[in-house]
Structures are given as C-alpha cells and as structure tokens.
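Enquirer: Chains as they are written, first to last, in this note's numbering: chain A, 7 to 224; chain B, 7 to 224.
Keep in mind that the hints are not guaranteed to be accurate.
Since the list can't tell identical chains apart, any single copy or any two copies may satisfy a pair.
Subject to a maximum C-alpha distance of 20 Å in a straight line, what follows is the list of computed DMTMM-like cross-link-like pairs (lysine to aspartate or glutamate) [stated by the list, open to error]:
(1) K63 x E168
(2) K153 x D29
(3) K193 x E142
(4) K73 x E168
(5) K115 x E168
(6) K110 x E74
(7) K30 x D97
(8) K110 x E87
(9) K153 x E87
(10) K30 x E157
(11) K88 x D206
(12) K193 x D152
(13) K73 x D206
(14) K63 x D204
(15) K110 x D53
(16) K63 x D152
(17) K30 x D210
(18) K153 x D204
(19) K63 x D123
(20) K63 x D118
(21) K115 x D173
(22) K153 x E32
(23) K88 x E104
(24) K30 x E168
(25) K153 x E168
(26) K115 x E142
(27) K73 x D204
(28) K30 x D173
None of these hints come from the bench; they were simulated from the model.
There are 2 protein chains.
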Amino acid sequence: MSLASTEMKLTKTNDLARQRASDKAEAILAGAMQEFTAHGYAATSMDRIAAAAGVSKPTLYNYFQDKEGLFTALIQQLAQEKYRAIFSSQDPQSLQGEPSVILKHIAKKMLDTILQDQQLLAFIRLIIGESGRFPELARVFSQNIDKLIIELLGQYLASRAELRLLDPEATAQIFVGTLVHFVISQKMLHGGNILLVDSDRLIDNLIYLIVRTALSAK
Amino acid sequence: MSLASTEMKLTKTNDLARQRASDKAEAILAGAMQEFTAHGYAATSMDRIAAAAGVSKPTLYNYFQDKEGLFTALIQQLAQEKYRAIFSSQDPQSLQGEPSVILKHIAKKMLDTILQDQQLLAFIRLIIGESGRFPELARVFSQNIDKLIIELLGQYLASRAELRLLDPEATAQIFVGTLVHFVISQKMLHGGNILLVDSDRLIDNLIYLIVRTALSAK
DNA sequence: GTCTATATTCAGATAGAC
DNA sequence: GTCTATCTGAATATAGAC
Numbered sequence: 007m008s009l010a011s012t013e014m015k016l017t018k019t020n021d022l023a024r025q026r027a028s029d030k031a032e033a034i035l036a037g038a039m040q041e042f043t044a045h046g047y048a049a050t051s052m053d054r055i056a057a058a059a060g061v062s063k064p065t066l067y068n069y070f071q072d073k074e075g076l077f078t079a080l081i082q083q084l085a086q087e088k089y090r091a092i093f094s095s096q097d098p099q100s101l102q103g104e105p106s107v108i109l110k111h112i113a114k115k116m117l118d119t120i121l122q123d124q125q126l127l128a129f130i131r132l133i134i135g136e137s138g139r140f141p142e143l144a145r146v147f148s149q150n151i152d153k154l155i156i157e158l159l160g161q162y163l164a165s166r167a168e169l170r171l172l173d174p175e176a177t178a179q180i181f182v183g184t185l186v187h188f189v190i191s192q193k194m195l196h197g198g199n200i201l202l203v204d205s206d207r208l209i210d211n212l213i214y215l216i217v218r219t220a221l222s223a224k
Numbered sequence: 007m008s009l010a011s012t013e014m015k016l017t018k019t020n021d022l023a024r025q026r027a028s029d030k031a032e033a034i035l036a037g038a039m040q041e042f043t044a045h046g047y048a049a050t051s052m053d054r055i056a057a058a059a060g061v062s063k064p065t066l067y068n069y070f071q072d073k074e075g076l077f078t079a080l081i082q083q084l085a086q087e088k089y090r091a092i093f094s095s096q097d098p099q100s101l102q103g104e105p106s107v108i109l110k111h112i113a114k115k116m117l118d119t120i121l122q123d124q125q126l127l128a129f130i131r132l133i134i135g136e137s138g139r140f141p142e143l144a145r146v147f148s149q150n151i152d153k154l155i156i157e158l159l160g161q162y163l164a165s166r167a168e169l170r171l172l173d174p175e176a177t178a179q180i181f182v183g184t185l186v187h188f189v190i191s192q193k194m195l196h197g198g199n200i201l202l203v204d205s206d207r208l209i210d211n212l213i214y215l216i217v218r219t220a221l222s223a224k
C-alpha cells in the first residue's frame, strides 16, 4: 500500500462504503488499537491483533489490504475520535467572565482531557514514534489537532484587547506548547515522579504572564 | 538483560573497563545509532547493525549481551553526548546585557542547536517512541536533560528581579516547553510546511510576555 | 466470508573453525 | 576475537476447505 495514496481528510466522515460498518471490521480496529498503541507498529504482529479481535488472520486480510493499510485506517479513526473528544469541550468564545478565569478553565480542561485519557497519550506516543516511517499520518495529526486548537484559542485571545498581546495567535501557541510539553515530559517520559513544577503551578504562571499587564492597568 | 539493572548515571563517565574503548565497540555503536535512530527499536535488525558497523553478527554479541543491551548502551552514550553539546552553550549567568537580549540569544541558540542536529531530532523521536518499552531510559533522559535546562534557565530568571516573575522556575518551564513543542510539531510531525507561527515570531512573543512588565515600568 | 494449515522470509542468537 | 554457517522461532501473507 502506498502511503502517498492514503486519503487523510478528517472532515470526510463515513461514506457510502461504510454505511453500516461491519462488526468484524470494528472488532479488528479495536484489537489493532489495543496492540498498536501498546507496542508500536513494528513490534505488533498480525497474529496478536487477530487474537485480540477474536478473529482469524485471513479475516484481517479480508478487511484490510495489509499491515500498513490496517495501521493507517486505525490512525485515521483515532484522529477523528480524538478530534471530536477535544472539541466537544465547548468553544471558548461562549464562555463568560474574566480572561484569567476563562484561561484557567481552558488550561485545566485541556490537561484533564489529555491526562485522563490513557488512549490519547498512547496515541500521541505512537504518532511521534512512527512519524519517521509514516510522515503523512504525523502531518495530518499536527495540522488537524494541534493547529486547530491553537487557532481557536488564538481567536479568543484576539477578542480580549485588554490583554495587550503582541500577537494572539503566537501567544496561543505558547499556551498550548507549554501544556503539551508538560504532558510529554511528565507522563510519557515519566518525569513526573521527581517533578519540578506541578500542573497548577505551571498553569498559574502561564496565565500570569498573559494577563498581568491587564491586571496592573486596573 | 534486565532493564532494572541498567546503570544510568550520566555523571558516570568511562570507567576502568573502557579506558581505551575498542574500535570495534565504537563502530558497533555508530552503526547501531544509524539504524536505531532511522528505524526505531523493533524495526532494526541485528543483521543491519552488523552490516552498518562493518563487523559480523557474532562480534555484536561479543561486545553486547543482546539487542536490548546494545540499545540501552547506545541511548546512554547519546544522552551523554547531547547533554554535553547542549550545555557547551555557555551558562546564561555569564552573559551580559538586557534580559530581553539575553533571552532572545538563549532561545535562538536552543532552537538552532536542536533544529540543525538531525541526530538529536531522531534521538528525541526514538526516546518518545520507545518510552513505553523502555520507561527507565525515558525517565533518565527527562531528568537529565529537560530538567537541568529548566533549572539553569530558572536560576537566570530568578537573578533578574526586575522581571517581577511570580515563579522563575515555572517560567523557565514555560520557556523551554514552548520551544520543545515547536520543534516537535514543526520538525517531527512535519507541520512546518503549512505553518502557523514561525520561530522568530514565536520567540518574540515568548520574550515579550516575560519582559513586558519590566519594559512598561521604565 | 471465515476458518485451518502452511509457504516463505527473516529475526535473534550461537556453535565451532581459525 | 572474529568469522562462516546454522539453529530455532516467529513474522507476513496466502491456498484451499467449508
């Protein structure tokens, strides 16, 4: 299967060919998710996926062309799911109140969403780990999740002129980057045990940097 | 080989047993670096490492217990090298000038160091990708590189009281997190093509947030 | 469509010659 | 210490019965 040919638009939801996706296909994807997220691409065998899905190996090949095809199908499904999960947290524009309160709410919600979801953590690890072998999948993830979150938050920051930000979108990237880096170093790299700065302390300082000019102007 | 038994102190430099490390061992480590960083742990075969190193497979097993032992030895060597490369950039305390200038210099140096070094990028990808299988190696990397950089920068920020920071160490973590996230999303996830915010714009805004109170007080 | 059984390749690791 | 040659298990993928 050619990687270049993979259709990767997250906006393209289930089409005709999958009006009623087969139970078997779903079972296979569920098994594949368990195994791929736990062991990575190369260390996962089709035998183990078949066992986890409760089907035989030839059935895998009946629904998916090969290991690469199954993997890319899984990543697309996960990206859609996680995209929806993250954006079901409501639009910041609709929130009422002081920016410092709103931003704290957003930051806590973001961290909670990621830290509570072991599957999402494993997914991010998988995407980064396999980004050498599957650059296209990594690009799509980055463009569809990271970028959209930054844009949305940037719009909110831009709407609060009293914050006197140089550049709301760049500030949003700082905001998101700080939280993502925290998750990676604390959870994925297991640096959380002997930790330097906990999440509350980090969030408080991040928001302080963003709102302090507005505060002192009062 | 037991992972729990791996000695992982970066401070422990070459000891007696390697007073004059064999050329063969170095060739093997060089070959292992090329293959492991290019393909990850599971997808790299001992045959390919042997070929890349220009030795035969039994020679690998003469110098290293098994694949895991070779991998952990490589990660330790790379961590030492990268640690030194990053900290050879001089201590921020010794720099003279306005904090905004110093911080910009540090940020540019950090980004340049990482972005120019393809090997370091591949190493970070490897560490994150294999952090499920080798949690101990990931923990050591996080504690010895990430944490030390944040502490060093935190000390500098603490020495500049005019910045009126709530918490210099947490601010340093924001600084480093922003840059690391940029590298991951732009370079490793190949989000750089259709990019939102470029590195100069990001750095300018990061420093603006940190120093703007001191600026407006003038 | 789904299974059992298998073809084939390739991996990690080693025996034994030199 | 280093090699050639090889053992053994496991991986991807498929042929052919039902």
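Enquirer: Determine for every hint whether it applies to the structure shown.
Expert: For each hint, the structure was consulted:
no. : hint        : result
1   : K63 x E168  : neither (61 Å within a copy, 66 Å between copies)
2   : K153 x D29  : neither (33 Å within a copy, 47 Å between copies)
3   : K193 x E142 : between (25 Å within a copy, 13 Å between copies)
4   : K73 x E168  : neither (53 Å within a copy, 58 Å between copies)
5   : K115 x E168 : neither (24 Å within a copy, 33 Å between copies)
6   : K110 x E74  : neither (41 Å within a copy, 43 Å between copies)
7   : K30 x D97   : neither (36 Å within a copy, 59 Å between copies)
8   : K110 x E87  : neither (25 Å within a copy, 39 Å between copies)
9   : K153 x E87  : within (16 Å within a copy, 33 Å between copies)
10  : K30 x E157  : neither (38 Å within a copy, 52 Å between copies)
11  : K88 x D206  : neither (24 Å within a copy, 31 Å between copies)
12  : K193 x D152 : both (18 Å within a copy, 14 Å between copies)
13  : K73 x D206  : neither (42 Å within a copy, 41 Å between copies)
14  : K63 x D204  : neither (46 Å within a copy, 47 Å between copies)
15  : K110 x D53  : neither (46 Å within a copy, 52 Å between copies)
16  : K63 x D152  : neither (36 Å within a copy, 43 Å between copies)
17  : K30 x D210  : neither (47 Å within a copy, 52 Å between copies)
18  : K153 x D204 : between (26 Å within a copy, 13 Å between copies)
19  : K63 x D123  : neither (30 Å within a copy, 42 Å between copies)
20  : K63 x D118  : neither (38 Å within a copy, 48 Å between copies)
21  : K115 x D173 : neither (23 Å within a copy, 23 Å between copies)
22  : K153 x E32  : neither (29 Å within a copy, 42 Å between copies)
23  : K88 x E104  : neither (29 Å within a copy, 43 Å between copies)
24  : K30 x E168  : neither (55 Å within a copy, 64 Å between copies)
25  : K153 x E168 : neither (25 Å within a copy, 34 Å between copies)
26  : K115 x E142 : neither (29 Å within a copy, 29 Å between copies)
27  : K73 x D204  : neither (40 Å within a copy, 36 Å between copies)
28  : K30 x D173  : neither (49 Å within a copy, 54 Å between copies)
In the structure shown, a violation is registered for the earlier hints numbered 1, 2, 4, 5, 6, 7, 8, 10, 11, 13, 14, 15, 16, 17, 19, 20, 21, 22, 23, 24, 25, 26, 27 and 28, in ascending order.
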